[in-house]
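Trainee: Sequence:
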Amino acid sequence: MTNSTVLPGLLILAAMLAGGPPAPAQPLPAPPPVSAGAARTLNDPIFPSLGQLGLDVRHYDVALTVAEPGTPELSGAVTLTLAATRPLAEVRLDFYGPTVTAVRWNGQAAPFRMEPDRQKLVVTPPAPLLPGQEARLTVEYQGAPGVILDPDFSTPLRLGWQAVPAGEGGAGANFTLSEPQGTHTFLPTNDHPSDKATFTTRVTVPPGFTAAASGLEGAVVEGSGTRTFVFTQAEPIPTYALAVHVNRFERVMAPPVPVGANGAPVVRRDYFPVGTADSTRSAYARTDEMLRVLSGWFGPYPFGAYGVAVVTPPLPALETATLSTMPVRSSNERVAVHELAHQWFGDAVSPATWADVWLNEGFATYAELLWTEAQGGDGQAVAARWYAILAQGGTRPLVATQAGQLFDRSAYQRGALALHALRAAVGDAAFRAFLHAYTARFSGKSLTTADLLTFAHTQVGGAGEAALRTWVESPGLPPLPVPAH
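Quick note on numbering: the sequence shown equals residues -25 to -1, 1 to 460 in mature numbering (1 follows the signal peptide of the UniProt record, and there is no 0).
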């Protein structure tokens, strides 16, 4: 995600949970109260109600039908492949979405109830889910998604499923913009970055519309007055990073770029609404070069495809996996580099809690400096500008303690300067080797800031860790780091 304190004209998304209207009541009576152990969440320090302790969602098989693009209504059926790390007498999914019409456990109807105040869908399996077992939970639903608003945005920002009504002569559109906790407005999930999963996404739309989603595109199935687009996201991603787009798109293909593991080709495709201006498209003309530059610093690109889907509302850009969501107003090279870097930092290597979100934003912001240097620019001047902003506006230690800090100046610019300090302490060669080792070790996983510091000590020694730790933990602003050349 991008932030206006990184560059003038970009937008802040400091997402805080706000209650929306209650979800429709379900027809089943409430069972007896669950045990305290079964009701335990992941106790995230920023969003303590998210997730279920002990639940491991391994795969989401998602089927969405958008009968009238541009309206919020949709119908869905998702089958979750579940495992557990502790006995679970109930499965408590995050869900604040359309009306649930059916729930099945391994193909058999299962009792369920909604807890709208907790934004939970609670399912009781025929027997507790035990460690070592695997189960398939299917949820069918239909209607309008729930509403979670970001109260810090300059105008009310609805997280999750977005609807862009049809204008004069123009088609309606839908897309997802879920960071940090908007996915469960349209999809039952364990909606927390510590529980990453793979996805198969099927989106059914009317003729003339195109759907796009995270992963590699497979078959397009022509139905009776419909088209179904199928995408497979084979590498695990956090739920907020799932991309789904419906629009009258022009899909623009480019030659694959050999920057994947062992030089594997990365599929290149971008989705532009029909009629998108050349000035917007030009921001993505150098994506292939960006992939080469960033993979040189960060290691192999972690997914099988990359591109952008352009949207028209003036919203923040978001690093949805393999297909960054890019508003027209954010279509410039620096934002493009930032969101591309998030494919490594955020989508492949994810924070274990929302308090550690600087691990996403600091690394992605530092990619802007690396890109500047690759174009012959002065990286130290970029660092000095970030430092001046922090010196003027104030700063904090990097681990967030409240929702309003998630996407502030410190998460972006101080996080980037922490990496600049590590680079200054160990030199370019060791810094590059550290980044390669970091993404190799944690790709597909989630980690805390403490994990990063421990890993830094292992890879670059005490001096490197100390330089990084100072920027992570100091209450004040440390001196501007200056790499030796």
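Just so you know, the hints here were simulated from the structure itself, not pulled from any lab data.
If you're wondering where the values come from, they're calculated on a predicted model, not measured in any experiment.
Backbone N, C-alpha and C define an ideal beta-carbon position, used for all residues, glycine too.
Be aware that a few hints might be false.
What the hints assert, rightly or not - Across the chosen pairs, the derived CB separations fall in these ranges:
1) R111 / G193: 18 to 28 Å
2) P288 / R15: 35 to 45 Å
3) N81 / D253: 12 to 22 Å
4) A366 / A438: 20 to 30 Å
5) R111 / G437: 47 to 57 Å
6) P453 / V249: 25 to 35 Å
To be verified - With a Cα cut of at most 20 Å, we get these calculated SDA-like pairs of lysine to any residue:
7) K420 / H34
8) K420 / R267
9) K420 / L28
10) K420 / E210
11) K420 / D19
12) K420 / A404
13) K420 / G279
14) K420 / T60
15) K420 / S270
16) K420 / G29
17) K420 / T173
18) K420 / A58
19) K420 / G436
20) K420 / R33
21) K420 / A359
22) K420 / A172
23) K420 / T56
24) K420 / G451
25) K420 / T207
26) K420 / G235
27) K420 / R223
28) K420 / P86
29) K420 / P275
30) K420 / D31
Trainee: With 20 to 30 Å as the target window, see if A366 and A438 comply at their CB atoms.
Mentor: holds, 25 Å
Trainee: With a cut-off of 20 Å on the C-alpha distance, tell me whether K420 and G436 pass.
Mentor: violated, 23 Å
Trainee: Within 20 Å, alpha carbon to alpha carbon, are K420 and D19?
Mentor: holds, 17 Å
Trainee: Between the alpha carbons of K420 and T56, is the straight-line distance 20 Å or under?
Mentor: With Cα atoms ~18 Å apart, K420 and T56 stay inside 20 Å; holds.
Trainee: Regarding the pair K420 and R33, is the alpha-carbon distance no greater than 20 Å?
Mentor: holds, 13 Å
Trainee: R111 and G437, beta-carbon distance inside 47 to 57 Å?
Mentor: Once the Cβ atoms are compared, 48 Å apart, the range 47 to 57 Å for G437 and R111 holds.
Trainee: 12 to 22 Å was suggested as the range; check whether the CB atoms of N81 and D253 agree with it.
Mentor: Cβ of N81 to Cβ of D253: about 52 Å, so the range 12 to 22 Å is violated.
Trainee: Can you confirm whether the C-alpha distance between K420 and D31 stays at or below 20 Å?
Mentor: holds, 13 Å
Trainee: Quickly compare the C-alpha distance for K420 and L28 to 20 Å and report which way the hint goes.
Mentor: holds, 17 Å
Trainee: Need the status of pair K420, A359: alpha-carbon distance at most 20 Å?
Mentor: The given pair, whose Cα atoms are some 33 Å apart, is violated under the 20 Å limit.
Trainee: Taking only the CA atoms, is the gap from K420 to T60 under or equal to 20 Å?
Mentor: holds, 16 Å
Trainee: Holds or violated: K420 with R267, Cα cutoff 20 Å?
Mentor: violated, 23 Å
Hints 3, 6, 8, 12, 19, 21, 24, 27 and 28 from the list above are not met by this structure, while the remaining hints are.
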